[in-house]
Amino acid sequence: MKREVSLFISLVVLVSLVLAACAPAATPTPEAKPQEGQQGGAWSLAEAAKPWKGETLRLIGEALPPLEALEELKPQFEEITGAKVIIEGLGHEEAVEKVTLDFAGQTGVYDVVLQPNRALGKLVTNGWLRPIDEFYNNPALRDPNFSYEGSLLNQEWFRETNMYQDKVYGLPFHFISMYLWYRYDWFDHPDEQAAFKAKYGYDLPSPPITWEEYMDVAEFFTRKSGEKLAGETLTYDVYGHTWGGARHVTAWYDFLNVIYSYGGRDIKLPNNRGDSYGPVTVNSPENLEALKLIIDSLKYAPPGVLSSTWDEKQAAQQSGLVAMAIQWDDAAFAVEDPEQSKASGKIAYSGVPIKKEKMTQIEGWDYLIPKSSKKPELAWLFVQWAMGKDIQIAQMKLGGQSALVTTYEDPEVVAIPYVPTSVYLKTAGKTVLKVRKVGDPTGGGVPERYLNATNPLTGDTSVNIVAKPTFPEEERITEAIILWVNRALTGEVTPEKALEELEKEMKSILPSQ
Amino acid sequence: MRSRRYIWWWVLPSAILFLGIILIPFITALTYSFRSLSFTTSTATGQYIGVENYRRLVFDQDFYNSFKVTFLYMVPAIILQGLLGLGMALLIAGAVRRARILIPIMLLPTLLTPVVIGLIGVLTLNPDFGVIGQFLNRLGLVQGAVLGNSDTALLAIIAVDTYQWTPFVAVILTAGLLALPKEPYEAAQVDGANRIQTFFRVTMPLLWQYFVVAILIRVIDAFRIFDIIWVMTRGGPGTATEAVAVYAYRHTFRYWDLGYGSALIMVIFVFISILVEYLYKALQKWQTA
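Quick mapping for you: the protein sequence lines, in order, are chains P and C.
For the first sequence, the numbering used here gives the first residue as 1, with consecutive numbering after it.
For the second sequence, the numbering used here gives the first residue as 1, with consecutive numbering after it.
No wet-lab data here; the hints were simulated from the structure.
Virtual Cβ for every residue (Gly too), placed ideally from N, Cα, C.
Where hints are given, some of them may not hold.
Said to hold, decoys possible - Not the full set, but computed from the structure, chain C residues with beta-carbon under 7 Å of chain P: (1) 36; (2) 39; (3) 40; (4) 44; (5) 124; (6) 127; (7) 128; (8) 148; (9) 192; (10) 195; (11) 236; (12) 253.
Unchecked claim - SDA-like, lysine to any residue: derived pairs with alpha carbons at most 25 Å apart: (13) P:507 / C:182; (14) P:224 / C:129; (15) C:182 / C:210; (16) P:497 / C:129; (17) P:98 / C:255.
Said to hold, decoys possible - Which chain C residues stay away from chain P? Per the calculated CB distances, all over 10 Å, these: (18) 83; (19) 178; (20) 209; (21) 269; (22) 285.
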């Protein structure tokens, strides 16, 4: 039956391609395989890629700075191999949808696909991906200097983002995490510190490390046009924070941050593994408390918060409209770019506030090689090249979020303001590249307050890394959460009703436990 | 006899196109609607399940809600577009003949893709950055985000859709007005009819055929509305703007439940066919009356 689906989707995709006439025809693939003779001499990319000289490699991913960085760097690969690389950037959801359609149709349009790790279950169980061992263990294709094992920031993060049922299907395009972004120029201003203390009776937490502090700070920095902020008179309204309130995947990520921090889970995944089913626990007292907090916090967010996705959140950050936001680290490059952002150079980065857990959620996009690719070896060579130290460093400087330890040996990379906190979170609090103290002239470094904050779950200062489902039903679960959280945020239903209905729906989607 | 044989050769390209683009996908979707087939459920591998998908649909409250939303959007949108389109057509074809040079400019919204129109809507209605959004907030007409409020999101969709499609209706009606015969007007003048009487007794009956065409096209199109809603609200807040096409899309391309999605598409197809047939007859009857 799935073959019939493939035929049908192939037909639809074919008709769309013909009608749109938007893509050049795929180049024919050679029968040639890499020569065994290469194993005798020194391995080189140029030699290994010789059979594909003049071929075209097509890659698709999310149109964000890391992909734009790859676009800038790809001429290096083209020059060495003589192959042409076409990179297609789409919105997050569009990239996922287009890849699924391409795979289902077995059209073979794409040779490398970048997908969020949560799509792994769907892609693997439908038999659309090639495990990478076949390339990694082939001496003709593997650069002897290349090894990802032992060079990753976090092995557990890698397992969740690139492996499914103990098999490696991808290499990390990036590991990403969310952190609390805050305007340190406002937080560190003496007038603001004095005003906060006078109003709340304790020092302005820079940054807030509990949700109680977060709410106080959000309220404190919500100001009207004409009021003063950090010594200047405002010409527009400013808000304490922003949130993803629209019916969009942002609402799901933002919701998870709070429930995880509250010690709640939507599904209790066994051994923190996304490829295993666990009991649905979304309708819990912790999650209810968390959802109520989110709803309560919206009064300190811009008026457009209920139609906000991560794009509007980023725009609010860039235009200096908000004091805080919990945002992805791969968005930080654009917020730090002075040409795009009024807030550039005025931001510091902390972790998500703590209730019962000091945590961060695991996320990543992977380089994956589809079974339908007619040039999987060339695809592998490209991925291996992109994972090389120099490319990773160059990509990092252009907005990437490298998963390799070696990238962070470069002093220029460490000097990027958001890098130390990113690395700290992704290494579960084990790696501290730099510390930021209140009053420091830049935003770079893990804030001292957050660094020293105790994780109530473990009793030490480590950070829990929390896995999300990657099994095939994940997309339907996510959509259900988005819908019910959005209904609760807009007041269509009470938080109690939302979680109750959500639990019923999630149980009906998942196989019975 | 010989020329008859050639007729088939002329028809062949259209027949192939019809088969390839319409008939085969339609039959395939019909087949899927009787199967359990999903990329996100490991047990749904395409097995035949009879009318289970249709049975599920009968008890699906969200499906009924999507029909309700579709009508709540469609009826006012088409009435508005009809009235405004008629006004624009009269302006162009009648009093201000020179205004005809404005036709290409007027058509701009219709020429843009719904995605672009939707994005324009999102940007202008945003209360933090958008001109209209800020204006509505300052006037106190809306609290917060127009698109984040269940009471106003659908109104915004109707407004944006009307912005895009009114010129289309106007162009059809303008063509109709310019093609009307002069004799009935001369007769009405001789009988001493005033402007209003001439409009309702002469112009409207003569123009009615064009109106029917414009309305039918818009009804079919409105029932399929997807792009504008997806770009502006994705069916939210909650399910306040989740029209049937958005609902079918969600099941087919978000949940990847091709079986249920196909059943939804079949029901929508049958419904549109009946609706158009009924509407056409009703409009014809109205004209005769």
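Quick one, are residue 224 of chain P and residue 129 of chain C close enough, alpha carbons at most 25 Å?
Within the cut-off at roughly 16 Å; holds.
Within 25 Å, alpha carbon to alpha carbon, are residue 98 of chain P and residue 255 of chain C?
14 Å, holds
Should the hint that residue 236 of chain C touches chain P count as held when the rule is a Cβ pair under 7 Å?
3 Å, holds
Run the C-beta distances from residue 285 of chain C to all of chain P and say if the shortest one exceeds 10 Å.
39 Å, holds
Report holds or violated for the interface hint on residue 195 of chain C, using the least CB-CB distance to chain P and a cut-off of 7 Å.
Given a least distance of 46 Å, the restraint on residue 195 of chain C is violated.
Given pair status - residue 182 of chain C, residue 507 of chain P, alpha carbons within 25 Å
Measuring from Cα to Cα gives roughly 69 Å; hence the hint is violated.
Exclusion check [residue 178 of chain C not at the chain P interface, CB over 10 Å]
Label holds. Min Cβ-Cβ 33 Å, cutoff 10 Å.
Residue 269 of chain C non-interfacial with respect to chain P [C-beta, more than 10 Å]
Per Cβ check, residue 269 of chain C is outside 10 Å of chain P; nearest 16 Å; holds.
Hint residue 253 of chain C vs chain P: min CB-CB distance below 7 Å?
6 Å, holds
Residue 83 of chain C: least C-beta distance to chain P exceeds 10 Å?
Fine: 29 Å to the nearest Cβ keeps residue 83 of chain C off the interface.
Min Cβ distance, residue 39 of chain C to chain P: is it shorter than 7 Å?
At about 6 Å, which falls below the 7 Å cut-off, the nearest Cβ of chain P leaves the hint on residue 39 of chain C intact, so it holds.
25 Å Cα cutoff - pair residue 182 of chain C, residue 210 of chain C:
Between residue 182 of chain C and residue 210 of chain C the Cα gap is close to 17 Å, so the pair holds against 25 Å.
Going through the hint list in order, the structure does not satisfy hints 1, 4, 5, 9, 10, 13, 16.
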